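> Use the sequences and the hints to build the structure in full.
In the order they appear, the protein sequences are chains A and B.
In case it helps, this note's numbering puts the first sequence at residues 44 to 304.
In case it helps, this note's numbering puts the second sequence at residues 3 to 230.
Think of the hints as simulated: they come from the structure by calculation, not from any bench.
These numbers come from a predicted model, not from an experiment.
Do not take every clue at face value.
So the derived list for chain B, only partly shown, Cβ under 7 Å to chain A, looks like this [as the list claims (entries may be wrong)]: (1) Leu43; (2) Ala198; (3) Trp203.
Derived list of chain B stretches under chain A, where covered just means 3 residues or more per stretch with a C-beta under 8 Å from a C-beta of chain A [to be verified]: (4) 77-91; (5) 128-141; (6) 222-229.
Backbone N, C-alpha and C define an ideal beta-carbon position, used for all residues, glycine too.
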Amino acid sequence: MTSTTAPAAIAASPELPFGTRCAMLLRLLAIQGAWNYETLLGNGIGFCMEPALRRLPGGVHSPEFHAALARESRYFNAHPYLASVAVGALSRAELDGEPPERIERFRTALAGPLGSVGDRLVWAGWLPFCSLASLALFGLGASTLTVIAVFLVMYNVGHLALRIWGLNTGWNHGLRVATALGNPVLRRGPQQIGRAAALATGIAIPLALGRVIGSSRSFMGGVLVAVALGSFVIVRLQGRIEGWRLSLIVLAALVLISVIR
Amino acid sequence: MIALDVVPVALLGGVLGLDVVSFPQAMISRPLVAATLGGALIGRPSSGLLLGAALELIALETLPFGASRYPEWGSASVVGGVIFASHPEAAQGAAMTMGMVSALATTLVGGWTMVKLRQLNAVWARKRRAGLEAGSRGTVIELQLMGMTADFVRGAALTAIAFLLLMPIATACVAIWSTDLRLSRAIVVATAASVAGGAAWKLFHSTAGARLFFVGGLALGLFMLFAT
Chain A
44 MTSTTAPAAI
54 AASPELPFGT
64 RCAMLLRLLA
74 IQGAWNYETL
84 LGNGIGFCME
94 PALRRLPGGV
104 HSPEFHAALA
114 RESRYFNAHP
124 YLASVAVGAL
134 SRAELDGEPP
144 ERIERFRTAL
154 AGPLGSVGDR
164 LVWAGWLPFC
174 SLASLALFGL
184 GASTLTVIAV
194 FLVMYNVGHL
204 ALRIWGLNTG
214 WNHGLRVATA
224 LGNPVLRRGP
234 QQIGRAAALA
244 TGIAIPLALG
254 RVIGSSRSFM
264 GGVLVAVALG
274 SFVIVRLQGR
284 IEGWRLSLIV
294 LAALVLISVI
304 R
Chain B
3 MIALDVVPVA
13 LLGGVLGLDV
23 VSFPQAMISR
33 PLVAATLGGA
43 LIGRPSSGLL
53 LGAALELIAL
63 ETLPFGASRY
73 PEWGSASVVG
83 GVIFASHPEA
93 AQGAAMTMGM
103 VSALATTLVG
113 GWTMVKLRQL
123 NAVWARKRRA
133 GLEAGSRGTV
143 IELQLMGMTA
153 DFVRGAALTA
163 IAFLLLMPIA
173 TACVAIWSTD
183 LRLSRAIVVA
193 TAASVAGGAA
203 WKLFHSTAGA
213 RLFFVGGLAL
223 GLFMLFAT
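Here you go:
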């Protein structure tokens, strides 16, 4: 992922030791460990920033450390992967000694964009794309190991790259990180990945159907018509009942018919 | 079914339940992977993959957006994968239906347990408010570790209970199954693909050009299906 950083801003970045960076990255994987409906990601943000905050003058026993950790563990919401941008930027702001009011305002402003961009890029784009591409491979007859390995490797290359990029970008830009959110991958990525995922959907559904049905190909024409009708019904019922609940009802009815008859 | 059979299934369900939200969200909890691992426990990963693929089509509809409430697929897919893979291939249509129903029922309860866990996390955070406001390092780390441990226990307990309850029911139903097995399998997969079709429309209909890409992909997919 390319950064749109002004070179001066990067040049001025203080060094964040490799060990501290690794500790933060590892903790980022557990950022949602204490997720709750009151502070959402808040405690996780404090948890991830803690290794960096230890570098405040006076270390973990200083009033500055306690004040910063208390501030950063309050309510926060963002996409879990892009929260790394906030963790990096807020750590830099705290270690640079920015005024607490400025940090609070920045924290509030950052949450929204990191949530919406992450949702569109990852949950509505990258995850369905990787899943559907793997389903297409499955439909083409790939081995179990190949299907699983392709899915996990492809997905996690993007996942980890996003977390690492976010932490580095946040740290390098500090309170000016908003400029980095104009990165082409974040701006145009969701649309491009959306198109690729739509293509993968079209390829994957019939192929996956074919492999699961297996030798019962005589049903294929009827199944394809049923799928088209079923999809139409599910789209029409959107907002009233979710498709997976409807599936449970349909399949439970099939079980009842099959065991009572 | 002896208790020892449940232990590896429950442990796998715990680990994959943890992956859904708490740690590390590497998507080993997606049905495609989780059901395959469940099948691998029985020595039949390819059977697990078959059920995982059908479940994955359904799971495309429920992606973990923000603070929304969504089903928990990790533990549920392990239950479904193990149940499906435990039955002989000759009864695949019936076993697949029972595996799917078991997984979907478990995911329904799993989503509810996740909501309860999040409420519990809030209670724990409230009780430790003084420590949090004082910026106590111990409190912040303790909350995180408690949340993750509870999530693992939640996933493991859910998997164990669902497996112990649903496995005998599935076995009994498969034994007296009367619907044609090929038709059963076709109904399962058509239902799953219908949900995937609806989910795809929901995800991509607002993306410029996506419909064209979908139609192109569909033409290619159908060509490959009937050409092979």
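> The structure should be examined with respect to each hint, and the outcome stated for every one.
Hint by hint, here is what the structure shows:
1. With a least beta-carbon distance of about 14 Å to chain A, the hint placing leucine 43(B) at the interface is violated under the 7 Å criterion.
2. For alanine 198(B), the shortest C-beta to C-beta distance to chain A is roughly 6 Å, which falls under 7 Å, so the interface hint holds.
3. Against a cut-off of 7 Å between C-beta atoms, the interface hint on tryptophan 203(B) holds, since the closest Cβ of chain A lies about 5 Å away.
4. Look at the stretch 77-91 of chain B against chain A: 0 of its residues bring a Cβ nearer than 8 Å to a Cβ of that chain, fewer than three, so the hint is violated.
5. Look at the stretch 128-141 of chain B against chain A: 7 of its residues bring a Cβ nearer than 8 Å to a Cβ of that chain, three or more, so the hint holds.
6. With 5 residues bearing a CB less than 8 Å from a CB of chain A, the stretch 222-229 of chain B meets the requirement of three and the coverage assertion stands.
In this structure, the earlier hints numbered 1 and 4 are contradicted, and the remaining ones agree with it.
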